[in-house]
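Chains A and B supply the protein sequences, listed in that same order.
First residue of the first sequence? That's 1 in this note's numbering, and the numbers climb one at a time after it.
First residue of the second sequence? That's 1 in this note's numbering, and the numbers climb one at a time after it.
Keep in mind that the hints were calculated from the coordinates and are not lab data.
Keep in mind that a hint or two might mislead.
FRET-style restraints, in silico, Cβ to Cβ [claimed, not checked]:
#  : chain 1 : residue 1 : chain 2 : residue 2 : range
1  : A       : S32       : B       : Q328      : 16 to 22 Å
2  : B       : E22       : A       : R166      : 37 to 43 Å
3  : A       : V33       : B       : K232      : 50 to 56 Å
4  : B       : D55       : A       : H178      : 56 to 62 Å
5  : A       : D4        : B       : F57       : 18 to 24 Å
6  : A       : E61       : B       : R166      : 29 to 35 Å
7  : B       : G333      : A       : K58       : 46 to 52 Å
8  : A       : H45       : B       : P43       : 49 to 55 Å
9  : B       : R7        : A       : S32       : 26 to 32 Å
10 : B       : K232      : A       : P172      : 20 to 26 Å
11 : A       : P172      : B       : G333      : 48 to 54 Å
12 : B       : G333      : A       : M65       : 23 to 29 Å
13 : A       : K314      : B       : N175      : 33 to 39 Å
Everything numeric in this text was worked out from a predicted model, so none of it was measured.
Glycine included, each C-beta is placed from N, C-alpha and C at the ideal position.
Listed here are the chains, written in short residue letters.
There are 2 protein chains.
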Amino acid sequence: MDADEFRKRGREMIDYVADYLENIRDRRPLPSVQPGFMKELLPDHAPENPEKWEDVFKDIERVIMPGVTHWHNPQFHAYFPTSNSYPGILADILSDAIGCIGFSWASSPSCTELEVIVMDWLGKLLDLPKEFLFCSGGRGGGVIQGTASEATLVALLSARSHVLHRLKEKDPNLNEAHVMSRLVAYCSDQSHSSVERAGLIGAVQMKKIETDEKSSLRGSSLRDMIESDQAKGLIPFFRNQAYSRVNNKALCYSIKLGEQNNIWMHIDAAYAGSAFICPEFRPLLNGYAMSFNFNPHKWMLVNFDCSAMVKDSKLVSEAFTVDPLYLQHENQGKMPDYRHWHIPLGRRFRSLKVWFVLRLYGLKGLQEYIRKDVRLAHEFENFVKDDNRFEIFGEVILGLIEAINDDGRIHLVPSKVKDTYFLRFAICASRTNSDDVKFAWENYKFVHLILCICKQYKNTL
Amino acid sequence: MDADEFRKRGREMIDYVADYLENIRDRRPLPSVQPGFMKELLPDHAPENPEKWEDVFKDIERVIMPGVTHWHNPQFHAYFPTSNSYPGILADILSDAIGCIGFSWASSPSCTELEVIVMDWLGKLLDLPKEFLFCSGGRGGGVIQGTASEATLVALLSARSHVLHRLKEKDPNLNEAHVMSRLVAYCSDQSHSSVERAGLIGAVQMKKIETDEKSSLRGSSLRDMIESDQAKGLIPFFRNQAYSRVNNKALCYSIKLGEQNNIWMHIDAAYAGSAFICPEFRPLLNGYAMSFNFNPHKWMLVNFDCSAMVKDSKLVSEAFTVDPLYLQHENQGKMPDYRHWHIPLGRRFRSLKVWFVLRLYGLKGLQEYIRKDVRLAHEFENFVKDDNRFEIFGEVILGLIEAINDDGRIHLVPSKVKDTYFLRFAICASRTNSDDVKFAWENYKFVHLILCICKQYKNTL
Numbered sequence: 001m002d003a004d005e006f007r008k009r010g011r012e013m014i015d016y017v018a019d020y021l022e023n024i025r026d027r028r029p030l031p032s033v034q035p036g037f038m039k040e041l042l043p044d045h046a047p048e049n050p051e052k053w054e055d056v057f058k059d060i061e062r063v064i065m066p067g068v069t070h071w072h073n074p075q076f077h078a079y080f081p082t083s084n085s086y087p088g089i090l091a092d093i094l095s096d097a098i099g100c101i102g103f104s105w106a107s108s109p110s111c112t113e114l115e116v117i118v119m120d121w122l123g124k125l126l127d128l129p130k131e132f133l134f135c136s137g138g139r140g141g142g143v144i145q146g147t148a149s150e151a152t153l154v155a156l157l158s159a160r161s162h163v164l165h166r167l168k169e170k171d172p173n174l175n176e177a178h179v180m181s182r183l184v185a186y187c188s189d190q191s192h193s194s195v196e197r198a199g200l201i202g203a204v205q206m207k208k209i210e211t212d213e214k215s216s217l218r219g220s221s222l223r224d225m226i227e228s229d230q231a232k233g234l235i236p237f238f239r240n241q242a243y244s245r246v247n248n249k250a251l252c253y254s255i256k257l258g259e260q261n262n263i264w265m266h267i268d269a270a271y272a273g274s275a276f277i278c279p280e281f282r283p284l285l286n287g288y289a290m291s292f293n294f295n296p297h298k299w300m301l302v303n304f305d306c307s308a309m310v311k312d313s314k315l316v317s318e319a320f321t322v323d324p325l326y327l328q329h330e331n332q333g334k335m336p337d338y339r340h341w342h343i344p345l346g347r348r349f350r351s352l353k354v355w356f357v358l359r360l361y362g363l364k365g366l367q368e369y370i371r372k373d374v375r376l377a378h379e380f381e382n383f384v385k386d387d388n389r390f391e392i393f394g395e396v397i398l399g400l401i402e403a404i405n406d407d408g409r410i411h412l413v414p415s416k417v418k419d420t421y422f423l424r425f426a427i428c429a430s431r432t433n434s435d436d437v438k439f440a441w442e443n444y445k446f447v448h449l450i451l452c453i454c455k456q457y458k459n460t461l
Numbered sequence: 001m002d003a004d005e006f007r008k009r010g011r012e013m014i015d016y017v018a019d020y021l022e023n024i025r026d027r028r029p030l031p032s033v034q035p036g037f038m039k040e041l042l043p044d045h046a047p048e049n050p051e052k053w054e055d056v057f058k059d060i061e062r063v064i065m066p067g068v069t070h071w072h073n074p075q076f077h078a079y080f081p082t083s084n085s086y087p088g089i090l091a092d093i094l095s096d097a098i099g100c101i102g103f104s105w106a107s108s109p110s111c112t113e114l115e116v117i118v119m120d121w122l123g124k125l126l127d128l129p130k131e132f133l134f135c136s137g138g139r140g141g142g143v144i145q146g147t148a149s150e151a152t153l154v155a156l157l158s159a160r161s162h163v164l165h166r167l168k169e170k171d172p173n174l175n176e177a178h179v180m181s182r183l184v185a186y187c188s189d190q191s192h193s194s195v196e197r198a199g200l201i202g203a204v205q206m207k208k209i210e211t212d213e214k215s216s217l218r219g220s221s222l223r224d225m226i227e228s229d230q231a232k233g234l235i236p237f238f239r240n241q242a243y244s245r246v247n248n249k250a251l252c253y254s255i256k257l258g259e260q261n262n263i264w265m266h267i268d269a270a271y272a273g274s275a276f277i278c279p280e281f282r283p284l285l286n287g288y289a290m291s292f293n294f295n296p297h298k299w300m301l302v303n304f305d306c307s308a309m310v311k312d313s314k315l316v317s318e319a320f321t322v323d324p325l326y327l328q329h330e331n332q333g334k335m336p337d338y339r340h341w342h343i344p345l346g347r348r349f350r351s352l353k354v355w356f357v358l359r360l361y362g363l364k365g366l367q368e369y370i371r372k373d374v375r376l377a378h379e380f381e382n383f384v385k386d387d388n389r390f391e392i393f394g395e396v397i398l399g400l401i402e403a404i405n406d407d408g409r410i411h412l413v414p415s416k417v418k419d420t421y422f423l424r425f426a427i428c429a430s431r432t433n434s435d436d437v438k439f440a441w442e443n444y445k446f447v448h449l450i451l452c453i454c455k456q457y458k459n460t461l
C-alpha cells in the first residue's frame, strides 16, 4: 500500500469509524455468536499472495462485527466503562505513525517529555499534592502504565525491593528467601482480582482484610491484623487501598508522599480517580501513600490503554533497573528513562492521546462529562427507589441476567459482595443519555429482576 | 468533536501521516533537543476551556516533532527495528474505534477468536510444529503479548508455578519459601536485559552462562552448570534461549512441545523470528521447548505492540488464574480467556493489525520484505570487507558515535559483547534502500570509525 492508497483507504476507514460510532445504537451490545464462530468464516492459513483492500475491508462487517461486544453502545452497562473519543482516536493515529519506542529519553525525547508534562497536568486536575508530581523537583513523578493491574504490580514489586533493601542495610548477611517468606501485603476482601494476582506474581503473601457491612475496610481491622502479624514475626510491607468511594464533604485531600510504619500504601482509584477532577467528588484521602493510580481510559475519554500512576519515582525505578550499554545515553538522569518504571521495555507514545483529550475538551468539558454520568446514575437510582419490587435478594439472579443478555438489547453482568449476588449497572458509553437509562430500566422491570445495584452504584462511583 | 468534525480532522490527520512518512528523509533521525526542552513550549497545566483543533494540530510540528527520534527514517540504524506499515495503522484505527476490552471471550468474542486464528496463521508461516498451535486441539496456543519482556516474564512465572506445583504434589508439606530460594533459571551472558529483569521480578536466581568466542551458548557449559547446581541442592527449572542465529542449512525444525529434565525452555526469537517465514533463514531448532516468542512488531510490518507467543497454554493460564464472578461467563473453557495468559487484565484488539498486514502483504510480500533487508545488510558487509581500515578495535568508539549522532544524518548506538565495544548497524526502516546503506557507509568512513558490526550483524539476524 503506497501513500496515495493510504490516503484513500484512510478516508474510508475514518468514515467507517464515524458511521460505526454514530449508529452504534443499531447494533446489539452483546453479540449472539457461539464460541468458535469465526473459524468457519476464515481460511486456516494466511494468504500466499496479497489480497485486495476491498476484500479485507468488507470482512470487517462479515467476520469481525458479528462477534463484537459493543462497549460503546449506550446500552452496554456491563463490567466497567472504557473510554473512547474522537480526539483520542486521532492522537493514536499520530502515535502509530511516529511509531517510536520510547524506553529512554534519547530513544524519543518528545515521547518522554510529553508524558512528564501531561502526568503533571493530570495530577493538578485531580488536585493531588505537588510532591507526587515532577514539577515539585522532588521524588514524585508520573508514568502511563497500560492497566491498573500493572500499576498495582509495579507498586508491590517496588515495595518488595524497598523493604528488602532496607532490611539488608541493617543486616547485610540477611537470608533473602527467609525474609520473602515473611513479607505480608494487605488488601480488602472486596479488592479487584489484579491485587491478588500481584501477590501471586511477586511471590508474597496477600492477606484479605474483611470489610464491614458497607464494604468498607475499617482502619481498626487492618491495625489489628498488622499487629498480630508482627507479633508472629511477619513483615507487613504493602497495602493496596482501592478508592471507589465519594465523600461529598471532602473538597481536598491531605495526603502525603511517604510511608507510614514502613508500609507502602498504594492507592488504586482506577475508575473513581477521573471523577476527582470535580471537587465535589473528591474522597476523604488522609495520611501517607507511596503511589496513586487511576485510569483515564476508564472515565476521562482517553482511549484504552492509559493508566496514570504517580509515585516515589526513585524507589520505583530502583526496583527494575537493569541497564545495558546499548540502552544508555549521554543525558541519563536529567529526565526519566521510563523503561525503569514498568514491566515492558518498549512503550508507545501514549501521552499524545492524553494531550489531545485534555486540550480539546478542557477541564470544563471533562467535568461536564463526569457530572452527566453521575446524574444518569441518580436517575436510575430514582427509578429503582420508586419500585418496591426491587431490593429483594434471590438466587435466581444469574439466570435472569442470562435472560437479559440473550435478549441482547442491553448488556450487564452479575457481581458479588460477600455472599450477596447483585447486578452491576454501570453507565459506560459516552453516548448514554436519559432515554437510555429509562430504556434499561423498562427492560429491567420487564424481566422482573429481583435486585438492583443502584444503591451500591451510588456509593461506588 | 462531533462525527462531522471527526471526518474532517481524520482526513487531515491521515494526510499529515502520509506526508510525514513519505518525507521522513528530510528530518534528522536523531533530534538535537536538550533534556527539558518541551517544558518551555507548553503551559504548566491543562486548559480550563476546550482549545481549537487548529491550535492542537499545529503544535504537532511546533512542540512534538522537534524532539522525535524518527525510528522510520531510512538512516535510523540504532537499537533494533520497529515495524510500521499503512495497513497496520489502518487496523489500529479500527481497533481504537471498537475500543473493546477483550479480557475474556464474552467481553468481545471477535477479539479473542481473531487472535486465536492469526496466532495459528503466524505459527504456520514460521513452520512451527502444530503442537504449539490451537489447531492441534492439544495444549498449544498463541497469544499476543505487548513485548518480548512480558513474554519472557510470563514464561518464567509459568515455569515457577509449574515446578512449585509439581514439587507440592510430591510433598504437600513443602516449605514454599525454601523451594523458591533454591530455584535457578539460566540464560546466556549475552541475553537481553529483560531476561535478568524477569528473574528479578519473579524473585528467582538467574544465572548467566558464559558464551564461547562466537557468543554461542555451548550445551556442555549449560549441562555442567545444571549438574553442579543440582549437586548443591538447587532446583534448575527454567532456561531462556535467545534465537538470533541463522543456519542456512536448516529448512525445518525438529522442536517439540514439552520439558526436558523438568526444565522449561523458553525460546526468545524476538527479532529473528520474523525471518523464519523464509525457509532459508530458519535456525537449527532441536529438542524441547515449552514456549516460543517473536515480535511481528520488529520485523513483520505490524505496528508496535505485538509480541507473538505460542506455548503450553494450560500451564501458562494456571499460573495466573484469579477468577472473580463478574469476569466469568457461560462459555468459559470453550475458547481461551486471555486474561489468564498475561499480566494485565485489559487488552486491546491487537490481532486486527496482524490480520490486515498478513492479508494485505501475503506471505510472499512479507518474505520479499525480509529478504530485501538481509540483502541490504550484505551490501553493507561488502563495503566493510573492502576497506582494510575496519575490523580494528579501540576504546574511542563511544566518542565517535556521539560525533555521528551529533552530526544527525544517521543514527546508531554502541553495544558490547564481553569486553568488546562495537557499533551496531541495524537496517530498521521499511524505506531503507541501497542508497541509504551507501550513504551510511560513506558517513562511517568519513568519521573514520574503527569498528563495524557487519560480521556480527550477519550472524545475528
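- Looking at the structure, which of the earlier hints fail to hold? 2, 6, 7
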